[in-house]
Every structure is written in C-alpha cells, then in structure tokens.
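Student: Just so it is clear: in the sequence shown, position 139 is 139 by the UniProt record's numbering, and no numbers are missing.
Treat the hints with caution; some may be incorrect.
Each computed EDC-like pair below joins lysine to aspartate or glutamate, with the alpha-carbon atoms no more than 20 Å apart [said to hold, decoys possible]:
1. 200 x 253
2. 77 x 216
3. 200 x 164
4. 200 x 153
5. 321 x 350
6. 276 x 152
7. 77 x 289
8. 150 x 85
9. 150 x 80
10. 200 x 242
11. 150 x 196
Label pairs and their computed distance ranges (CB to CB) [stated by the list, open to error]:
12. 1 x 168: 37 to 43 Å
13. 37 x 216: 39 to 45 Å
14. 428 x 153: 27 to 33 Å
The set of hints was computed from the structure by calculation and includes no laboratory data. Built from N, CA and C at the ideal position, the CB exists for glycine as well.
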Amino acid sequence: MSDLLVAGGQVLRPDLTVERADVLVDGETGDIADVAEPGTVDAPETLDASDGLVIPGLVNAHTHVAMTLLRGYADDKPLDAWLQEDIWPVEAELTADDIEAGAELGIVEMIRSGTTAFSDMYFHVDRIADAVERAGVRAVLGHTAVTVGKDDEAARADCQRSLDVANELDGAADGRVATTFQPHSLTTVGEEYLREFVPKAREADLSIHFHANETENEVDPIVDEHGVRPLEYADDLDLLGEDTYVAHGVHVDEAEIDLLADTGTGVAHCPASNMKLASGMAPVQALREAGVTVGIGTDGAASNNDLDAFDEVRDAAMIGKLAAEDASAVPAEAVVEMVTRGGADLLGFDGGRVAAGSNADLAVVDLTAPHLTPAHDLVSHLAYAVRGGDVRHTVCDGEVVMRDREVLTLDESAVRERASEHARDLVGRAEGDA
1 MSDLLVAGGQ VLRPDLTVER ADVLVDGETG DIADVAEPGT VDAPETLDAS
51 DGLVIPGLVN AHTHVAMTLL RGYADDKPLD AWLQEDIWPV EAELTADDIE
101 AGAELGIVEM IRSGTTAFSD MYFHVDRIAD AVERAGVRAV LGHTAVTVGK
151 DDEAARADCQ RSLDVANELD GAADGRVATT FQPHSLTTVG EEYLREFVPK
201 AREADLSIHF HANETENEVD PIVDEHGVRP LEYADDLDLL GEDTYVAHGV
251 HVDEAEIDLL ADTGTGVAHC PASNMKLASG MAPVQALREA GVTVGIGTDG
301 AASNNDLDAF DEVRDAAMIG KLAAEDASAV PAEAVVEMVT RGGADLLGFD
351 GGRVAAGSNA DLAVVDLTAP HLTPAHDLVS HLAYAVRGGD VRHTVCDGEV
401 VMRDREVLTL DESAVRERAS EHARDLVGRA EGDA
C-alpha cells in the first residue's frame, strides 16, 4: 500500500485534546508515521477530513459478531430464559456458512460505525477469521467452550478445541487476528475441565477471555458450591492475570474489584446488553478508580440489538452515573478512553490513540450534522451526541476500508442479501425442529 494522508481536519490526541493536524500513515507498516501541522507533509493518497474529527478506530471489546443473524429474533426476556428458550436452540442449527454470513454482516456494520477492532466469542472461528481477513479489520477470536450438558469426552473435546483454535489462528490475516482461550463462563464449564485446561492455556502463553458475574444467577451457584465469590474461584483456577479480560463484571463486590486490579485482569463492559437483559449495572466508576482497565463491548446483536459502539459509549456514561448515583461519575473523557485505548489495551493491540508509532486504525467523524452543532466540546460530542452514521471514513492497518460512507473491502449489498437468506433459513430449520 502507498502512504496515506488524512488531511484537513481536527485530530483527537492521546491526552484527549483536539488540534488541527494532518495524519500521515506509513503504507508499508500500517502504522501512523506522523501527526503534523496542516500542510507540512504529503502522501500519494489523501483522505479528506475537512469538517471532521480524526479519532482512533473504536474497539468493540466483547461481541458475538455472527449473532447478527438473530437480531430481533427474541427480545424482552431475562438472560437465562432468553438463552435456554430461544438462543441456544437456534444456535444448535447454525452452520459454518451461517456464521460466516453473520460475521460479514456484523463487520460491515462495525466498519460503517467506526469500529476497527473487535473481540469475539463463538464457534466455526476459522470462517470468522476469513471474514476478518477480507474486511481488513482487526479481531481477537476464539472458540468458546461449554461443558454443561455434555459427556466427559465431548466436554474435553470442546475445551481442547478452544486451545487448538487459539494456537492455529493466532497471527492470521497478516497479523490482524489474535486469539484467546475461551471457557464460556464459570458456571457453564465444569471445575475439573478448568483445572485441566487452564494450565495448558498458560503453558501455551494464550490470553484468556470468559463471561463473569454477568447476573446474580452466575454468582450464587459459585458461592453455594465453592463458598467463595466467582472471581476468587477464578483466581484459584489461575484464570485471572494481565492477559485475561472478562466480559460484563456486573455483580462484583469490593474484594473482587481489588482482585481484578491486583491481578491486572481487565473488564469488557457491555451496558446495552446488561440493561436489555436486566442483568444489572456494572460499577464502572469503582472499577476505574481501583485501576482496572475497562473497555466497552456491544455483546451480540441479539441482545443489543446493534453493533454501533457510539451507542454503547453513551450508554456506558449514562448507566455509570446511575450505578454510582453520581452525575460526575464515568464522564465523557472516561468513556471515550474506554472505547479506544482501553479496548486496545484489553485486546493487546498497539492502537487506541492517534500518535506516531501507533497502529493506523482511524475513523473520521463528520461534524456537519445538526446534532453535532455547536461544537463547544468535541469529546462531549463523542460521548453523548455522535452516532455511528456520522462516521465518514474508516481506516484499519493503514488501509481505507470505508471512504465517504462506502465500504470498500466487502460488497455491502451482497453481504446484506446473503445474511438475510441465511437468517431466514436458520430460523426455518430451528422452528421446524421445535
């Protein structure tokens, strides 16, 4: 690729100040080469950022991207009933082709709303990796192991599959794919399997990602069976550490917050899903004050119901204030940092900031919309007013993946048509078996 100049706009700097600057991208490395005074550098290719704000590409720190096929399929139920009565029966009918179609749809949606990296938990992961490669984005992927309802042979095979996929796919898509070992949760993977396979993941130097403390129903069984809180149980299993991040972390007490901080374990906060499923409100202000790295995730589109990270940023700020009962809690600066640098830190990518040497993962927000006028404080706008549809351009690894609202790496119309067909056939199979 040739060098790229993102020119004519304002730039969000790592300290969250805004200045007029041009961003020079090294086409060979895919990194930012310079953030320079306007008009002082040049490149063969230019991306017009006039009347725009250049920001780091957003990071979706926890999702199930192929679940776009189930968007709107089942709503308005608590988590356990929603999973057991609706989602799991349909997921049992998913094919690899379904998952690839759903992944492409979700990736297009994320590109169009300025997300350049995401962390995914699902299965048929090789097909998701294929979609990531074609789309030109970054992802942390893994096969999610579940042992409940399986005999010993099948349970061990599923955990081994999670290890194998993580080892096989790490570094795919020219290094844009990283991987994690993924036990689904502390209540859906039996203790004997965690004690067997977590040491193997550690020995292989794999990062670990799992659901934790999402609902009270994920807390009480652990306390009843083991006599300790879930994250104490996880720590005893060597699940926590600087290369681990958990999804949700809603029902954590002070001791668990301290444990997360002490071990360097991060949290992917999913406010919209937590609200929709009435799971609760994560204590984000307390987590951040304790020094826990917090990112922002959409969760799957079936429980959100979109993958627009800007929606999630606003939700995170709002619910954070409610949870803390303090209007000054989780301010605009915090949520913008969480969806950029915080998420990149969780996923292990050198991104989340517009600075020389960082990954050239960028989005350009068009500031000309009425709902972004006047522009007293652009960080405030990013948190409370910007929508995914305001993103004009998206760049990942130095490649322009969307220019002037047109996705360049995937055929959006064909992706939508294919996903609609797969969703219709999937539901037909599932309901036909009911």
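Student: Each hint should be assessed against the structure and marked as holding or not.
Tutor: A quick look at each hint next to the structure:
1. A threshold of 20 Å between alpha carbons decides the hint, and for residue 200 with residue 253 the separation of about 29 Å lies outside it, so the pair is violated.
2. For the proposed pair residue 77 and residue 216, the alpha carbon gap of about 15 Å is at most 20 Å, so the pair holds.
3. The hinted pair formed by residue 200 and residue 164 meets the criterion: a straight-line CA distance of about 11 Å does not exceed 20 Å.
4. Note on residue 200 and residue 153: the hinted pairing holds, with a Cα-Cα distance of about 17 Å set against a maximum of 20 Å.
5. Under the criterion of a C-alpha separation no larger than 20 Å, the hint pairing residue 321 with residue 350 is inconsistent with the structure, at around 30 Å.
6. Pair hint residue 276 plus residue 152 does not hold up; C-alpha atoms about 35 Å apart against a cutoff of 20 Å.
7. Of the pairs offered as hints, the one joining residue 77 and residue 289 is violated, with about 33 Å between alpha carbons and a cut-off of 20 Å exceeded.
8. With a CA separation close to 18 Å, the supplied pair residue 150 and residue 85 stays within the 20 Å bound.
9. Of the pairs offered as hints, the one joining residue 150 and residue 80 holds, with about 18 Å between alpha carbons and a cut-off of 20 Å not exceeded.
10. A threshold of 20 Å between alpha carbons decides the hint, and for residue 200 with residue 242 the separation of about 17 Å falls inside it, so the pair holds.
11. About 16 Å separates the Cα atoms of residue 150 and residue 196, which keeps this hinted pair within 20 Å; it holds.
12. At about 27 Å, the CB distance of residue 1 to residue 168 disagrees with the hint of 37 to 43 Å.
13. Distance hint for residue 37 and residue 216: a CB-CB separation of about 54 Å, inconsistent with the stated range 39 to 45 Å.
14. Taking 27 to 33 Å as the suggested C-beta distance range, the pair residue 428 and residue 153 conforms, at roughly 32 Å.
The earlier numbered hints that this structure contradicts are 1, 5, 6, 7, 12, 13.
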